[in-house]
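Take each chain as given, in its own frame, and dock them per the hints.
Those sequence lines, one after another, are chains F and W. Numbered according to the working numbering, the first sequence spans residues 1 to 51. Numbered according to the working numbering, the second sequence spans residues 52 to 305.
Hint data in this document are derived by calculation from the structure and do not stem from the laboratory. Source: prediction; values computed, not measured. It is possible that part of the hints are untrue.
[Unchecked claim] Label-pair ranges, simulated between beta-carbon atoms:
no.	chain 1	residue 1	chain 2	residue 2	range
1	F	TYR18	W	THR283	50 to 60 Å
2	F	ILE19	W	TRP256	21 to 31 Å
3	F	TYR18	W	LEU105	28 to 38 Å
4	W	THR198	F	TYR3	48 to 58 Å
5	F	VAL25	W	ILE76	46 to 56 Å
6	F	LEU11	W	LEU251	46 to 56 Å
7	W	THR198	F	ILE19	21 to 31 Å
8	F	ALA33	W	PHE63	18 to 28 Å
9	W	PHE63	F	LEU11	16 to 26 Å
10	F	PHE34	W	LEU240	33 to 43 Å
11	F	TYR3	W	TRP256	20 to 30 Å
12	F	TYR4	W	SER274	11 to 21 Å
[As the list claims (entries may be wrong)] Partner residues aside, some chain W positions facing chain F, computed with beta carbon under 8 Å:
no.	residue
13	ALA173
14	CYS181
15	LEU184
16	VAL185
17	ALA188
18	TYR189
19	SER223
20	ARG224
Cβ coordinates follow ideal geometry from the N, Cα and C atoms, glycine included.
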Amino acid sequence: MEYYVYQDFMLHTKSITYILMGLFVLGFWGFWAFMTSRDEEIHKFPEHDKE
Amino acid sequence: MFLYVTTLAVEFSPAMFEWLGMKNIRNTIHKLTLPLTVFGVVLSTLHQSSLGALYIAVPSKLHPLWYSPYLAILFFVSSIPAGLSMVIFEGTLAHKPWHHMMDKTHLDEHEGVILGFSRGAAISLGAYFCVKLVAMAYDNNWSYLATGWGAWWLLEVVGFVLVPCLMYAIGSREKNIPLIKWAAGLTVLGIILNRLNVSLIAFNWQLPSSQRYIPSFYEIMFSVFVVTLGVTIYRFIVSRMPIFFEHPDYKDAH
Numbered sequence: 001m002e003y004y005v006y007q008d009f010m011l012h013t014k015s016i017t018y019i020l021m022g023l024f025v026l027g028f029w030g031f032w033a034f035m036t037s038r039d040e041e042i043h044k045f046p047e048h049d050k051e
Numbered sequence: 052m053f054l055y056v057t058t059l060a061v062e063f064s065p066a067m068f069e070w071l072g073m074k075n076i077r078n079t080i081h082k083l084t085l086p087l088t089v090f091g092v093v094l095s096t097l098h099q100s101s102l103g104a105l106y107i108a109v110p111s112k113l114h115p116l117w118y119s120p121y122l123a124i125l126f127f128v129s130s131i132p133a134g135l136s137m138v139i140f141e142g143t144l145a146h147k148p149w150h151h152m153m154d155k156t157h158l159d160e161h162e163g164v165i166l167g168f169s170r171g172a173a174i175s176l177g178a179y180f181c182v183k184l185v186a187m188a189y190d191n192n193w194s195y196l197a198t199g200w201g202a203w204w205l206l207e208v209v210g211f212v213l214v215p216c217l218m219y220a221i222g223s224r225e226k227n228i229p230l231i232k233w234a235a236g237l238t239v240l241g242i243i244l245n246r247l248n249v250s251l252i253a254f255n256w257q258l259p260s261s262q263r264y265i266p267s268f269y270e271i272m273f274s275v276f277v278v279t280l281g282v283t284i285y286r287f288i289v290s291r292m293p294i295f296f297e298h299p300d301y302k303d304a305h
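Isolated chain W, as found in the complex (with noise of 0.2 Å):
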């Protein structure tokens, strides 16, 4: 994890640079970009693998209907259109009170980087809708589809997975904006709701409540304070850096 995130900080520099002044590691590091790219995408195939991989070693605690020994591709598979999803949603938030930032090359392109991500994201959604009903058989798992954890995992499935799919899709067709951002915030939605079922709710299913973990209110106030702190830094980064406009010195040079 602490190789990925310096990956992606490194991938970020010339930015930094940009806005400092510093032209010549500016320019070293803008050369790396290819490489650099390469090893952010295998190591994040590794890090989302192996969160999931962590609950490959529980097969008793967690529900029957989330564990799989193909956790790990789960999680892996899922996290393609929760990242194209996340860019569309934070780039619709974004877009709002940083439109003044943007220049014409960011709008003009705006439209076209949704319709491509949006078919990006039916296709993988599609493929982790297959690969879901895929763990499932392996399993033989389908006797759990008339409990009430069948209930709850149909509606992660078909309403946050398979609903977006094609809400993607038609989008995708229809070359319709809107629904693509919705089919965006239940994407993100669902995919949080996953990792909840897996870690939180569907774990230990078979305890009492009084005996199950639930965070106690200094851990969900800590995990809000990590996403103002978040928020707080891309704010101030997104006002002084070049991000969604050319630095006057660099014109044409991404």
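If we strip away everything but chain F, and leave its shape as in the complex, we get (with noise of 0.2 Å):
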């Protein structure tokens, strides 16, 4: 790709930049179900959990 002026290079870049960033929480979030997935369930409050 050809860059005329540093707005060119800039704008290639930083949207390329944006769409990572959006992967990356995509990605996070399915990181942190599969890594706790197995956890137990913490009841901080059992007497709530009754009712």
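The structure is reproduced here in structure tokens:
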């Protein structure tokens, strides 16, 4: 890809970076869900659960 | 750096004063534990990132795949999984020869500490991987990936960042301690490789190999000496001071 002015370069690289960041947020959600999927549930308020 | 090392020494000193039987000074320093810990954490963010910041001054010498205006951030973020992994790695090494020195509390909590650290290391390694890609995207260095240097970069980032990150995540999920220990070893190797890439291997990459800096035999031996000295001092300390166990005079005082 050719860049005629610095603005072109910044627009291109920043666009890719923002797309990547969006993908990372989604990826982190999946990563966290995978890592914690076998954790035992912590019941902080057992009295509340009975109701 | 001097300030940081001094803070660490003062943080550690209660164990030494317990061993020496100097109760008053031990109790005074023990009360300062919280501010000293905060001070130590703040200082470590500075010294880790300033090491990376040193190389921001040499964009023409360092290969573009390793150079980034965000080197300070990359060094700081990578130091977090490095620290967590080093604790798991050293703890594993210490467990066999010093098992007889460890008290019940230490042994009971060992597995929980490894599992907790592995989750932290998985998240911080994942964050480091993301920051690496963002730094690459900002400078538009994708084309270098198709070169030999790109293969070397991919080996570092995939083999020693992404793979241990997944190993930590799986190990933490399955509570698989041996897998976590292997991930810790890989992470420590990866961080060493990254620091060597930035400071030696990808540094002055355009010069012919005859003009590049390669450490002499005596420099390497000096590094070996420093590590050996560290291990010897560590052995001296843990075989005498209350590190793996509580001192009988200070039961439940920690």
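Going through the hints against the structure:
no., hint, verdict
1, F:TYR18 with W:THR283: 50 to 60 Å, "holds, 52 Å"
2, F:ILE19 with W:TRP256: 21 to 31 Å, "holds, 30 Å"
3, F:TYR18 with W:LEU105: 28 to 38 Å, "holds, 30 Å"
4, W:THR198 with F:TYR3: 48 to 58 Å, "violated, 21 Å"
5, F:VAL25 with W:ILE76: 46 to 56 Å, "holds, 50 Å"
6, F:LEU11 with W:LEU251: 46 to 56 Å, "violated, 36 Å"
7, W:THR198 with F:ILE19: 21 to 31 Å, "holds, 24 Å"
8, F:ALA33 with W:PHE63: 18 to 28 Å, "violated, 39 Å"
9, W:PHE63 with F:LEU11: 16 to 26 Å, "violated, 52 Å"
10, F:PHE34 with W:LEU240: 33 to 43 Å, "violated, 25 Å"
11, F:TYR3 with W:TRP256: 20 to 30 Å, "holds, 24 Å"
12, F:TYR4 with W:SER274: 11 to 21 Å, "violated, 49 Å"
13, ALA173, "holds, 6 Å"
14, CYS181, "holds, 5 Å"
15, LEU184, "holds, 6 Å"
16, VAL185, "holds, 6 Å"
17, ALA188, "holds, 5 Å"
18, TYR189, "holds, 6 Å"
19, SER223, "holds, 6 Å"
20, ARG224, "holds, 5 Å"
In this structure, the hints that do not hold are numbers 4, 6, 8, 9, 10, 12, in rising order.
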